[in-house]
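*Asks:* Chains G and V, in that order, give the protein sequences.
Sequential numbering from 0 applies to the first sequence in numbering that gives the first Met the number 0.
Sequential numbering from 0 applies to the second sequence in numbering that gives the first Met the number 0.
Read the hints as simulated data drawn from the structure, not as lab findings.
Treat each hint with caution, since some may be false.
Stated by the list, open to error - What follows is a set of in silico ranges between Cβ atoms, one per label pair, in the way DEER data are often shown:
(1) V:Val102 / G:Ile29: 48 to 56 Å
(2) V:Lys38 / G:Ala97: 48 to 56 Å
(3) V:Lys38 / G:Ala2: 42 to 50 Å
(4) G:Phe234 / V:Asn235: 25 to 33 Å
(5) V:Ser232 / G:Phe234: 56 to 64 Å
C-beta atoms are modelled at their ideal positions from N, C-alpha and C, and glycine is treated no differently.
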Amino acid sequence: MKADGIGARVTRKEDHRFLTGNGQYTDDIILPRQTYAAFVRSPHAHATINGINSAAAAAMPGVVAIFTGKDIEESKIGGLPCGWGITSKDGTPAIEPAHPILCIGKARYVGDHVAVVIAETAEQARAAADVMDVDYGILPAVVSTGTAAASKTAVHDQAPNNVCYTWGHGDEAGVKAAFEKAHHISTLDLINQRLAPNAMEPRAANAVYDRSSESYTLYVANQNPHVERLLMCAFVLGIPEHKMRVVAPDVGGGFGSKIFVYAEETVLVWASKRVNRPIKWTADRTEAFLSDAHGRDHVTKAQLAMDKDGKFLGFRVDTTAAMGAYLSTFSTAVPTILYGTLLAGQYTTPSIYVEVTAVFTNTAPVDAYRGAGRPEATYVVERMVEVAARDMKLDPAEIRRRNFIRTFPYATPVGLTYDVGDYDATLDSAIKMADVAGFAARRAASEARGMKRGLGYSSYIEACGLAPSNVAGALGARAGLFESGEVRVHPTGKVEVFTGSHSHGQGHETTFAQVVADKLGIPIEDVSISHGDTGKVLFGMGTYGSRSLAVGGSAIVKAVDKVIAKGKKIAAHLLEASDTDIEFVNGEFIVKGTDKKVPFASVSLTAYVPHNYPLDKLEPGLNENAFYDPTNFTYPAGTHICEVEVDPQTGKVEICAFTAVDDFGNIINPMIVEGQVHGGVAQGLGQALLEDCIYDPESGQLLTASYMDYAMPRADDFPNFKVGNNVTACTHNPLGVKGCGEAGAIGSPPAFINAVTDAIGVKHIDMPATPERVWRAMQSAAHA
Amino acid sequence: MNAFELHQPKDLASAATLAGGGGDLRFLAGGQSILASMKLGLASPDAMIDLSLIPDMKAITVAGGVVKIGAMAKHADVAANADVKKAIPALADLAGGIGDRQVRNMGTIGGSLANSDPAACYPAAALGLGAMIHTNKRNIAADSFFLGLYETALDAGEIITAVSFPVPEKAAYVKFKNSASRFALVGVFVSKGAQGVRVAVTGAASCAFRATALETALANSWTAAACNAVKMSADNLNGDLHASAEYRAHLIPVIAGRAAAAAK
């Protein structure tokens with residue numbers, strides 16, 4: 000193995016600048032004649048806007064301009080688009096209400112963007128925004144997901160019962176038949192609570208209009224600058240795409256929340272031409288809590304039919320999913336395409352049916368958040384399997400083994416075809432690593448100290464590498480999901496790679512450079528990775544859904560292959576041999592079976608100094624690009640095992656051990672993969688143990704709008720994680736990789752809750768397992 | 000944060016004079032509560048009187064069975080002070096567990112007591128040890144100092160100068176933390192000394208208070224079991240996002256019992 004090539008634990012090239020304060024984030028960019036924006040946000044969950052008096056604010060020092068919904072209406076600016084069309088089971092399309100970039104007539108959640116104040120400094124903008132006089136007519140608010148469809152109040156007039164769509168997927172009749180012949184039916188009601196994404200860097204944007212070129216530049220903390228540009232230009236502002244450049248520089252975490260086109264940056268772009276000055280906005284933490292697209296928020300009923308041996312026969316899931324007040328960019332796809340299709344899990348359940356009712360509520364929009372639909376699916380499946388195991392008095396590992404898929408490719412009844420996997424090997428490896436054999440002794444030791452110990456499994460699967468464009472299109476996507484890569488070889492043999500995927504913590508500058516350095520046989524220092532700028536990168540669909548390496552990396556590999564193919568032709572000319580006799584080994588072009596060879600850098604120099612060159616047959620230069628559209632999703636899978644100890648006097652849960660054995664296919668950089676697993680597990684356990692985004696059920700006020708009230712996980716909440724791998728290579732992409740970014744957040748929550756319910760002997764407890772909730776569950780169990 | 004005037008008096012008398020001026024005036028001790036409130040727009044004073052340049056407000060002395068801590072002594076200084084650690088280890092432990100390292104390096108005992116945050120740690124120590132709070136005007140017993148939510152017996156413009164803690168036979172403080180803020184969801188300080196058995200609770204009501212039923216129980220039998228046998232009423236306890244009053248009522252004897260078991 001090359002010391003800095005595929006499979007090596009190369010330390011991250013980007014970390015030096017991050018750790019020394021030299022990262023360049025959106026807020027670090029200060030443009031000449033910079034102005035600053037502050038948004039006036041609705042303090043009410045649901046209110047008519049009867050009038051806005053800007054006079055006092057306009058008279059404040061430093062104020063440059065103030066815009067309200069009236070200006071947006073007069074300028075005929077469209078609303079923010081929804082990128083995925085979902086059709087209800089009755090054949091009607093999902094209701095897609097307008098999502099104006101500044102409220103027109105009504106505000107629909109606390110934090111809704113009512114007006115923008117632009118001033119010379121951020122402080123002046125904030126001070127002026129604070130004295131804006133908005134006359135609100137407070138309306139009753141629809142808050143709770145579970146009861147929204149029964150509310151007498153409508154968030155949008157065109158959805159009188161607050162239902163956006165009712166989506167059905169799978170074989171309803173088959174499930175019914177399976178239930179009729181079942182030996183036992185296990186049932187489970189659960190809530191997958193709402194989460195706030197909490198990227199370390201809050202959202203930020205800086206927009207400028209250049210009169211000389213009649214073009215816009217938008218710097219924005221975003222995961223997919225080309226998608227941002229396409230949606231904003233084509234669907235909202237009507238700006239020609241070639242007249243707008245979107246730059247997503249260093250971005251401090253996204254977790255999905257920076258995929259979407261938001262009102263704030265769209266307002267900035269629009270207003271930048273009106274005021275003819277650059278306008279910057281950086282969310283403060285409270286704004287982030289109020290206005291970032293939230294995650295999860297499902298209320299679910301599940302039923303699993305089994306035969307007498309615990310073999311799964313049929314699975315039915317009924318879910319109500321909150322959309323929030325408006326449809327965020329990919330909101331409609333998350334509880335449907337990314338959820339319902341994953342309900343087979345790792346199991347051979349022959350019949351599955353899922354029905355999802357998406358509802359509008361007077362809350363912040365809900366959209367993709369690390370895992371996006373797949374954590375919700377895994378939580379339902381893996382909690383259900385645990386309940387089933389206890390109902391059937393089977394060991395939880397045993398019931399999983401009885402139902403594992405073992406032949407591949409395997410077409411699930413919910414529309415996916417798993418290409419490869421070895422679920423037994425992964426489970427076995429996790430059991431060994433977690434020392435399940437020693438659990439009984441550890442439990443006894445805990446009991447001797449008056450504590451309760453439990454162990455929980457989760458054997459998850461996810462569909463990553465989004466996505467085959469034709470499949471996504473058939474499922475309602477309004478975008479392709481390919482990726483582009485460009486490999487620019489400079490005359491000296493140094494290589495610049497341009498990728499349409501975007502790194503906001505993932506370490507692409509290292510992983511992708513390892514791939515290219517390995518393939519070209521050159522030192523990793525000779526490769527740099529560029530991303531995040533529509534002015535530099537050909538095109539791209541960005542980074543989410545654990546797709547960067549599987550899709551973006553594959554595009555880069557294709558471009559590298561083209562470079563090598565052209566290089567062979569140049570080398571053949573230099574070595575006076577036939578193209579087909581040239582092989583490329585360790586950075587050298589060699590005439591097969593001879594010692595005649597020419598190094599990579601000589602070939603690249605020749606390409607740019609083509610004195611001795613086949614100009615009649617070959618163009619000069621060595622610069623190749625490629626697009627890659629996957630033929631299938633990838634299917635990372637694994638088994639997580641969590642061990643907890645519960646203090647029965649207080650209900651406090653301590654995570655004693657956490658083991659994750661994952662199958663991510665081939666691994667380029669094990670250190671980065673472990674880091675992704677650690678982060679993902681922390682995020683998943685954060686949901687399971689601590690985090691809860693709570694709105695007051697009556698007023699719709701966000702009660703958890705700061706870290707005083709929203710419990711984020713910290714290092715001392717966790718033990719050291721044990722992380723292992725079991726590799727089956729993906730069969731359909733050139734690197735054999737599957738993706739690792741979301742697995743930790745997907746697999747860990749049910750492992751944890753299964754462990755807690757095992758410890759305290761209750762059927763179910765909702766997340767987060769706060770001390771009081773656990774204590775109450777124990778009180779109820781004691782009195783039952 | 001809005002603009003404000005900053006005064007930096009060099010002695011107590013000047014500080015008191017400044018405090019007699021008009022407008023919304025606030026003292027600035029360690030600033031770990033007021034500055035955060037100002038950043039969030041929850042407080043917007045016209046002027047602040049910084050107490051950090053006044054001499055003799057930071058001294059920590061142990062003599063005659065009393066630990067005396069200057070009002071401007073920082074939590075980190077109390078936590079690390081060898082004499083305090085020896086005399087009242089529970090007090091040093093408590094100081095070392097407040098907030099995080101940054102907070103402990105700035106926050107002061109006087110600021111904490113004057114603020115009477117319902118979930119702050121120091122009020123539990125003051126009540127739990129029967130401390131005397133010295134001001135530029137008088138001495139106030141801890142028992143009559145904490146009046147309610149952010150409300151104390153201090154008059155407007157009155158400045159805490161030091162706090163005297165009698166050294167007990169044994170004491171301990173146990174904090175059950177709010178998982179978000181890591182303030183006390185319920186914190187209990189227990190002590191046994193010349194003033195008898197004292198049990199002070201923070202985090203559970205509008206301000207720190209003494210739990211007399213637990214004091215009686217521990218006076219009879221200094222054991223966790225004695226605490227666990229006490230049934231606390233949930234009346235007047237806080238119920239919020241993080242814990243109901245009922246759960247807090249359940250926790251108080253449990254945490255008191257753990258403190259009793261840990262006392263030294």
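*Asks:* Run every hint past the structure and note whether it holds.
*Replies:* Checked hints:
no.: 1; hint: V:Val102 / G:Ile29: 48 to 56 Å; verdict: violated, 31 Å
no.: 2; hint: V:Lys38 / G:Ala97: 48 to 56 Å; verdict: violated, 36 Å
no.: 3; hint: V:Lys38 / G:Ala2: 42 to 50 Å; verdict: holds, 48 Å
no.: 4; hint: G:Phe234 / V:Asn235: 25 to 33 Å; verdict: violated, 56 Å
no.: 5; hint: V:Ser232 / G:Phe234: 56 to 64 Å; verdict: holds, 60 Å
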